[in-house]
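Please work from the sequences and hints to get the whole structure.
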Amino acid sequence: MREDRKILAQFDRDGNKRLDATERAAARDFLQQERAGNPRGFGGRGPGGPPGRGGRTSTPPETGEKIVAAEVATFTNEPLYGPGVLRTLFLEFDDSDWERELEDFHGTDVDVPATLRVDGRTYRDVGVRFRGMSSYMMVPTGYKRSLNLSIDYAHEDQALLGFRTLNLLNSHEDPSFLRAALFSHIARQYLPAPRVNFVRTVINGENWGVYASAEQFNKDFLKANFGSIKGARWKVPGSPGGRGGMAYLGEDAAAYRRTYEIKSKDEPASWAKLIRVCRLLEETAPDQLAAALAPHFDVDGALRFLALDVALVNGDGYWTRTSDYSIGEDVGGRLHLVPHDMNEAFSNGGGPGGRGGPRGGRGPRPPEGAVGFGPAGREGGGAGGPGPGTPPAGRGGFGGVRGGGPNLDPLAPLNNPNAALAAKLLAVPALRARYLGYVRDIAEKWLDWKVLGPVAQAYHDLIDADVKRDTRKLDRYEEFASSLGDDPRSLKTFAEQRRTFLLQHPEIAAAR
1 MREDRKILAQ FDRDGNKRLD ATERAAARDF LQQERAGNPR GFGGRGPGGP
51 PGRGGRTSTP PETGEKIVAA EVATFTNEPL YGPGVLRTLF LEFDDSDWER
101 ELEDFHGTDV DVPATLRVDG RTYRDVGVRF RGMSSYMMVP TGYKRSLNLS
151 IDYAHEDQAL LGFRTLNLLN SHEDPSFLRA ALFSHIARQY LPAPRVNFVR
201 TVINGENWGV YASAEQFNKD FLKANFGSIK GARWKVPGSP GGRGGMAYLG
251 EDAAAYRRTY EIKSKDEPAS WAKLIRVCRL LEETAPDQLA AALAPHFDVD
301 GALRFLALDV ALVNGDGYWT RTSDYSIGED VGGRLHLVPH DMNEAFSNGG
351 GPGGRGGPRG GRGPRPPEGA VGFGPAGREG GGAGGPGPGT PPAGRGGFGG
401 VRGGGPNLDP LAPLNNPNAA LAAKLLAVPA LRARYLGYVR DIAEKWLDWK
451 VLGPVAQAYH DLIDADVKRD TRKLDRYEEF ASSLGDDPRS LKTFAEQRRT
501 FLLQHPEIAA AR
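Counting from 1, position 415 in the sequence shown corresponds to residue 415 in our numbering; the numbering is continuous, with no gaps.
A hint or two may mislead.
Said to hold, decoys possible - No more than 30 Å apart at the CA atoms, straight line, and that leaves these computed lysine-lysine pairs for DSS-like:
hint	residue 1	residue 2
1	K17	K230
2	K6	K223
3	K450	K219
4	K235	K17
5	K263	K219
6	K235	K6
7	K6	K273
8	K468	K450
9	K492	K230
10	K273	K230
11	K219	K235
12	K265	K223
13	K235	K265
14	K223	K17
15	K6	K66
16	K235	K273
17	K492	K66
18	K235	K223
19	K468	K263
20	K230	K263
21	K230	K265
22	K273	K263
23	K235	K66
24	K230	K219
25	K223	K273
26	K263	K235
27	K6	K265
28	K265	K219
29	K230	K445
30	K468	K492
31	K17	K66
Claimed, not checked - Cβ pair distances, simulated, as ranges:
hint	residue 1	residue 2	range
32	Q504	D252	14 to 20 Å
33	D300	A70	47 to 53 Å
34	T59	A255	29 to 35 Å
35	R124	G15	18 to 24 Å
36	R100	R121	39 to 45 Å
Think of the hints as simulated: they come from the structure by calculation, not from any bench.
The beta-carbon is built from N, C-alpha and C at its ideal position, and this holds for glycine as well.
Pasting the structure below:
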């Protein structure tokens, strides 16, 4: 796990916990000088990008069309995450080099302020940063990268329709744009999960196209789903080492801090609750495990979480890397698992593997009709591709379980030696049968294209015209257009093949 580098306090001369233009200029100069002297140290890969497909290159993307507020629909009564709503977010930065500034501060604790206008209302001093790991590192300058917007960055009472944080996802590795939204839609039938819909984003007057907008896992999420804003919260971020499986690492919280990133107030009592669950998983006999965990951990929710992860083949999920999920405490003190990274669900295979993963990283799509693939990185720190001694690019990084695709075994988590939670729960016959029942239920109901297809089509139709005119997207429009058809790698094909495989699997059949 790589945490954000803490530099804000070093340059916050007025002590207001954010950097103004002068302070940011000093911080940028410091970072640029540091990187120039140590190109393979912190932030060594500059603002360029990796090679495109096959190592070929093409020109940078075309500038997006100009859009003004008078041209877009205004929504006054629809909720922020309404599935049929395509809001337009207008972001205005003070400087034209906003993209380079966000690049300079990526991986630090510094936000860049901007003005946000939505539905005719103005939100000033919103904090903006590039977010993500592979979805940032594998995307060159000029193409769409994921954004985090802190609405309450400078004004703690400021919120957008009740929400203080927006996560705008670039749909990296997802030409359909739909995977996160569909996973969220299905997951929310079984457990609390972040809502996902779509927004159109305009930056300094230019169209930057469609982003998936995912709800933040924060105090507001806890209040809405678990009854209190005071519960402990952890994020288990993408970790190539795959050590977030809830293994018992002893009683010292320091051993857990390396993997479990606490998002609530850092208190010993919170760590004690997490460690207690891990200890019970490790030390309790199978026939006593469910009863021992019940007062402290949502066992049924965990089984549903694991079933969703595997049935929908979440290529960045628990089953493969034991990371990219969240843990939240309810009003009664029980811990719950919450899905986090959902954009690589419905994976057609070639998922995380051994050192470097089984397949190379993919550059963005070329301009429509272009012969080359993927823009080249800039000279200097922006050179594409890994340096000497670095494993080849791939989604899996170091570690993770190979495989994926529609034929992923429903008991795949048991093949991951780091998946302690799955190993302990599924060793209990009654819990194993319940888990397999949830996998079967998901396959029967939600992988039936007669059920899932209309949901996917509605999302597809909502964003179709905007995806077509989006010059910053990462894949060709043709890939988006065919994503619900009979193409071998389409969502429809995946759902049909996955449903057939699961319902014919002997473990699933035996669980009826």
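Give me the numbers of the hints this structure contradicts, sorted from smallest to largest.
3, 9, 15, 17, 19, 23, 29, 31, 32, 34, 36
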